[in-house]
Each structure stands twice: as structure tokens, then as C-alpha cells.
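Protein sequence lines, in the order shown, are assigned to chains A and B. Going by my numbering, the first residue of the first sequence is number 1, and it counts up by one from there. Going by my numbering, the first residue of the second sequence is number 1001, and it counts up by one from there.
Hints may contain errors.
Straight line, CA to CA, 30 Å or less: simulated DSS-like cross-link-like pairs of lysine-lysine [said to hold, decoys possible]: (1) A:LYS204 / A:LYS180; (2) A:LYS136 / A:LYS180; (3) B:LYS1013 / A:LYS136; (4) B:LYS1057 / A:LYS129; (5) B:LYS1013 / A:LYS129; (6) A:LYS150 / B:LYS1182; (7) B:LYS1007 / A:LYS112.
Some chain B residues close to chain A (C-beta under 10 Å, calculated; not the full set) [claimed, not checked]: (8) GLU1005; (9) LEU1012; (10) LEU1016; (11) LEU1019; (12) SER1123; (13) ASN1125; (14) ARG1126; (15) PRO1127; (16) SER1163; (17) GLY1168; (18) ARG1170; (19) PRO1177.
Calculated Cβ distances over 10 Å to all of chain B for the following chain A residues [what the hints assert, rightly or not]: (20) ALA48; (21) ASP61; (22) GLY88; (23) TYR97; (24) GLU236.
It should be emphasised that the hints constitute simulated quantities derived from the structure, not laboratory data. Computed from a predicted structure; not experimentally measured. Each residue gets a CB set at the ideal place from its N, CA and C atoms; glycine is no exception.
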Amino acid sequence: MELKFNGISKSYGRKEALKGVDINLSEGVYALLGPNGSGKTTLMNILAGVLRPSSGDVTLDGRDTVSMGNDFRRILGYLPQDPGFYPGFTVEELLKYFASLKGIKLSSGEVKEKLDFVNLYDERRTRYKALSGGMKRRLGIAIALAGDPKILILDEPTAGLDPKERVRFRNIISGIGRDKIIIYATHIVSDIESIADRVILLKKGEVIDLSTTAQMTASIEGSVWSCVMERDRAEEYVEQNPGALITSTGADTVTLKIISGERPLPDAVNARPTLEDVYMYHFLGGEQ
Amino acid sequence: MVRYEIKKLIPLKLCLIILLLLLLQSLSVYIRPLKDREYSETLYRQFCEHYEGIYDKSIQELLLSRKIWIDDVIAKHDETQSEYHLGRITLKEFSAYMDIYTEAMAQSSTVNYLLKKCEYYDSLNRPAEFFCDTQWLDMYENDGFDYLLVFAVMILCVPAFTSEYAAGSRTVLMTTPGGREKTAAAKLIICTLTSFFLTMLFRTARLVPVMNAGAMKYAGKPAYDLLNYPFGTDISLIGAYESFSVMKALEASCMASFICLLSVLVQNRTFVYFLSAVLLYAPAMMMDYLPDAAYVSSSYAKALAVTPYISLIRVNISCMIRIGVYVSICIAVWRARYVRREI
């Protein structure tokens, strides 16, 4: 299965949300990483067929997804950032309703199976408005997975969740079969490291990198420095240097992480880069 | 899927509100300001019950002789009063005359109205029935713009699509095979059919005062027996009411589809309520100046209800065409690939 974005661009008036996105995806988990306003949701909406691109198209195995129509929608599962499910419906009703929209009639056994997968079977008779944030997201995943889609799109699935729920979510994604293309947009780096096969870096509407986390961290090898400094001096340094970040604090001193092509300070030492450093490098002025 | 759409569109709270509106509809006749009639309702009912049955000339002759008597008594008033002042008649005689005079005055307007009715029956050149038609007349004369029903249709239909936009669930629906045309069609069918049946319920509620007054026994009488409502056909009173009710129900369905179209175009619930109110209530209030707009307006024109000169067939065809147009555009806009910019 090959999903291709061919020169996707999207403009809203004068603002260009996406600029010529060209990427090829096959089975696996892809994390779409970028800050707010980088075009993640726009790209996902275009893939989902909800938004029309200004130019370009998306193809699946050579076929345009728009002209595929319902054939494409049958293999698509989508969880937007704020799905807005109906507050008066119970968990079971929502699952059955959206399954029916996909042309699937779920039996009681299938409902149990799907809700068990996201640990919501005990809440099946609870109304949506009474669910916690984490439960709502898990229900969203169950709904997106109804019909066993081949392409799964998750937009900021862990935004607003506590660490326990985020871990639970990662476990769920890990448990989904690897015969799918899973794309999830996030700006939370820790979500990516444990589950994503590849990372797509999106900055101001352009894809600046698509590779594994290992490749990405290797690409900035030698550009990540660590340094211990007095607190006051450190705060002043961080204000003046966008590629610097305080990573730990002590009684009088702090540890700084600095993204720089050259040794920034005499006592700075090379540090092993992480995905967070990659984010800093590309999005927080580290490139400069 | 239809079951879930019904649950979305018609929650319990809405059912309670509509029940309340139905109750208000039934009571609205009783709280309406008293109509200033040209006759005494009590006397009119007494006369009608006395002369109830097939109209013939003898009734008119009886009424004419009564009118002659009334005119004579009234004509003698000034003279009698003078004679009393001059002492030519006693107080007892004068008092007796005044009792007769009061009775004549009380009956005068009613007898005049009844004679007008007899003249109307004479002009029909067909058998007519004499009966107490006050309740039916009231109902037809007040059968104009139905503010409560229009409000009920608005609160039913505005959330149908606007709630999906407001909650953001439209996005998810667009990604499913059934979330596009099928969902829109289900919503439109539910809105139009519910509005149709809601109208029939409201129309039934308007019959409650008629039933309470015991006037339903006249329901089978020809509608042309009502003074000033020459339908020109042999349709019965209830038949005419049913015909107009079906027409109004079709108009309500048309209104429902119009509101749904507004919803997908505008998307903001508050603004759709406002626009619906303006576009539905305003034309009805201008019907006196633009009577032909009744064929193109999605509102309940006052003219539609009571005049027999409106072509029911034309109105119904107009409704069907308008519903078709609104539904087609609504579905096309709903499934269009765009999202409000939220950047």
C-alpha cells in the first residue's frame, strides 16, 4: 500500500498553510511533528478528504483518493483533535452509530471486543458528556478503528491528557496491527519516541525531513551541547540565545542544553541528541 | 442510522417544548381578545338551534316578520317617551313598553345578521343548512399565520445541521461513507416529515375549542354554508379544514427544508435562528401588500388559510418544487469539501 502526497499546497487568502508537500508513505506509524500553525491539521484534513487543496493531490496505490470516493472512506479512520461527539449518546451508541456510517452493523460481541481494546467496555452505558478526557480520546480511537481501516489519521490524540492516559494511548497504538498506515499529528515529542517508525517534520507548511528518529537525531550529532552555569547568568543567556534551554536546576547552578553548530561556550561539552533536541534545532531557532 | 439521527434531532427536551407549544396552541383561542361581533352570540345560538335544519323561505319570512315587529317597537320609542313625559301614560305602561323596547334592541342586530345569512343562502341556488356556525367561523377567520407552529419548526430544524458544525462532528462525518449524502438525506427527511406531522398536530389542537363547544357535529356540513366563505364546491367544513391543513403541512415541510439549507450555508446556530425568524415571519406580515408572494414564500401566508381564491394545486406544486431545490442545494453544500478556517 503506498500513499503519496503529490505537491500538496493550501492557501487561505494570502497565508500559505502548506507549500508543495511531497511525501510517500507505506505501512507503519508516522508521527507528524511540528509546532502550532505548521500545517499538520490542514494536511490531515486534506488527506481525510474534508478539505480541498489549492493544488496537488493525494493518491493511494496510484489512485486519486478524492475520485475513489467512498472506496477510500471505507478504509479510512479519522480522529480529529476535537471530535465533538454527541453528549447525550452512550459509549455503545456512539460506536454503533459511527460503525453504521461506515456500513458496518456491530454485534454485541464485536462491540465488546472493540471497547475492551480501549478499556471502555465497563463504561459502555455511560453518556459521552460524563466521560473523562482520556476516555473520550480512547472512545475516539475505538470509533476510528471501527471497520478495520487501512489508513488511520489521529490529530493531536494526546493533547490535554495526563501522563497515565498518554502512556495508555501509546500502548493502544502499539497494539494496532502493522499492516496499516497510521499518521498522528503531535507536538509532544515524548509520544513519538516510543511508537513512531518515522517522523515527518513540518515547519511553516513545508516538510523539512522524513526519517526515523535515529536518523533525525544522527543528523544533528555534534550540534547538541551541554553546559553548567550559574542560574542568573543562565537565564540571561537563554533569553539572548533561542537555541538554548535549561534542562535541570540545582541549588545555585543550572544545566543548559544548547543547539549550535560550533562549541558555544568554552566549558560546553557534546551531548547525545534526542528527538527533543531535533525539535529545538528545527523549531526553536536552534538552526541559527 | 435513522434511529440515531432521530435521537439527535428530537431529544426529550425538545419533545417537552413542543408539547408545551401544542398546549399553548389549544389555549390560545381562549386567551385571544374577545371578538367584537355584529350580533349577540347567545341569541344567535338560540335562533340557530331553533331553526336548525334545511334552510327554506319560511325561516326568512319568520325573521322578516320579527324584523317588522322590532322596527315598529323601535319607531315608537320617541313617541312613547313623550307621552310618558306628558303624563298620557302611566309609569307601569311606560315600563312595560321599555321592556319590549329593550328586547327589540337586543334582538335587532342578531335578526339583521340572520337575514343577511338568509339572503346569502338564497343567492347560492342550492340547498343549504341552517346551524350555529360561530365556532367554525371563528376558527376560519383566525386561521392565519401560525406563529407558534413556525417557532416549533424552527427549534426542531435549526439544530439539525448547525449542531454538527458547532460540535465539530461534521469533520468526522465527512470521512465516513454514510456521513455525507446519507446523513444529510436522513436529517432532511426527518425534519420535513416531522414538520409535516407536527403541523397536523397543531391543526388538530386548533379544533379543541370547536370540539368543546359541541360544534363538531356540524363538521360534515357543507363549507359553503358559512357566511362569506363561498368555497364553491361541495367540500364539508372539516374537509376544507383538512385540505388547508395538508397545504399548511406541506408548507411546513418546505419551511423545514429551507431552514436546513440556511443552516448549511450559515452554520452558526444563533445567526440561523435570526435569519429564519426574519425570512419566515417577515413575508407573512407583508402578505397584505404582496399576496402573490404566497406561492414563493416559505412562510404561512395569512391569505393561504382563508381565501378560496388561492389555487391549492398551485401551492402544493410550488411546495414540491421548492422542497426539491432546497434539499438538493442543502446536500450539495453539506458534502462540499471545505472547512471554516480556524487558523
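Status of each hint after checking the structure:
1. A:LYS204 / A:LYS180: 28 Å, holds
2. A:LYS136 / A:LYS180: 23 Å, holds
3. B:LYS1013 / A:LYS136: Holds: LYS1013 of chain B and LYS136 of chain A sit about 24 Å apart, inside 30 Å.
4. B:LYS1057 / A:LYS129: With Cα atoms ~74 Å apart, LYS1057 of chain B and LYS129 of chain A exceed 30 Å; violated.
5. B:LYS1013 / A:LYS129: Holds, because 16 Å separates the two Cα atoms, which is no more than 30 Å.
6. A:LYS150 / B:LYS1182: Answer holds: LYS150 of chain A to LYS1182 of chain B is near 23 Å, not above 30 Å.
7. B:LYS1007 / A:LYS112: 23 Å, holds
8. GLU1005: 9 Å, holds
9. LEU1012: 9 Å, holds
10. LEU1016: 14 Å, violated
11. LEU1019: With Cβ-Cβ at 19 Å, over 10 Å, it is violated.
12. SER1123: 61 Å, violated
13. ASN1125: Violated: closest Cβ of chain A sits about 62 Å from ASN1125 of chain B, beyond 10 Å.
14. ARG1126: 58 Å, violated
15. PRO1127: At 59 Å from the nearest chain A Cβ, PRO1127 of chain B fails the 10 Å test, so the hint is violated.
16. SER1163: 8 Å, holds
17. GLY1168: 3 Å, holds
18. ARG1170: 8 Å, holds
19. PRO1177: With a closest approach of 4 Å, the PRO1177 of chain B hint holds.
20. ALA48: Non-interface label on ALA48 of chain A violated, nearest chain B Cβ at 5 Å vs cutoff 10 Å.
21. ASP61: 19 Å, holds
22. GLY88: Violated, since 6 Å does not exceed 10 Å.
23. TYR97: 4 Å, violated
24. GLU236: 35 Å, holds
Taken one by one, the earlier hints fail for this structure at numbers 4, 10, 11, 12, 13, 14, 15, 20, 22, 23, listed in ascending order.
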